[in-house]
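Generate coordinates for the entire structure from the input sequences, incorporating the hints supplied.
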Amino acid sequence: MLRASFWLTALIFMPAGLFLYFLPPSVAALVGVSPLWLARFSGGLLLAWGAYQLAASFAPDAVKVGGLVGGNLLSVAALLPPTLREGSLLTPSLRSVLLGLCAVLAALAVAATLTAPPRMGQGGRA
Numbered sequence: 088m089l090r091a092s093f094w095l096t097a098l099i100f101m102p103a104g105l106f107l108y109f110l111p112p113s114v115a116a117l118v119g120v121s122p123l124w125l126a127r128f129s130g131g132l133l134l135a136w137g138a139y140q141l142a143a144s145f146a147p148d149a150v151k152v153g154g155l156v157g158g159n160l161l162s163v164a165a166l167l168p169p170t171l172r173e174g175s176l177l178t179p180s181l182r183s184v185l186l187g188l189c190a191v192l193a194a195l196a197v198a199a200t201l202t203a204p205p206r207m208g209q210g211g212r213a
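The numbering used here puts the sequence shown at residues 88 to 213.
Please note that a few of the clues may not be correct.
Have a look at the derived ranges for each label pair, beta carbon to beta carbon [claimed, not checked]: (1) Val-114 / Leu-176: 15 to 21 Å; (2) Pro-179 / Ala-91: 26 to 32 Å; (3) Tyr-108 / Ser-180: 32 to 38 Å; (4) Leu-161 / Pro-204: 19 to 25 Å.
Since the hints were derived computationally from the structure, they do not count as laboratory data. Glycine included, each C-beta is placed from N, C-alpha and C at the ideal position.
Rendered as structure tokens:
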């Protein structure tokens, strides 16, 4: 379950990062993204975060789980308030997608927390 949390998080962030990084100027103008370098920088960060989550899934420990949980909850905290506040300006399908994304990221954070490996105490014993 823990590996699935890492992989699904990577599956969310890597395509989103690639989309933002290679965002065509016509789509950026349609969505209202300006300046374009900001979308590309954000896409690079999301892509790097997704790649890190994928790599961290091969040897999860308490620190990597903490990063996964923190990153997912920060993403939810960044997406949820504007989606709820400006929801009437969004199309119903986009609002549903954003709310669903927030729910999935929060569920993955909870699943990772519940299945996290125990921290090693002094002397190497859990």
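Structure-based check of each hint:
1. Val-114 / Leu-176: 15 to 21 Å: holds, 18 Å
2. Pro-179 / Ala-91: 26 to 32 Å: holds, 30 Å
3. Tyr-108 / Ser-180: 32 to 38 Å: Given a distance of about 24 Å, which is not inside 32 to 38 Å, the answer is violated.
4. Leu-161 / Pro-204: 19 to 25 Å: Hint holds: Cβ distance 22 Å, inside 19 to 25 Å.
The structure does not agree with numbered hint 3 stated previously, though it agrees with all others.
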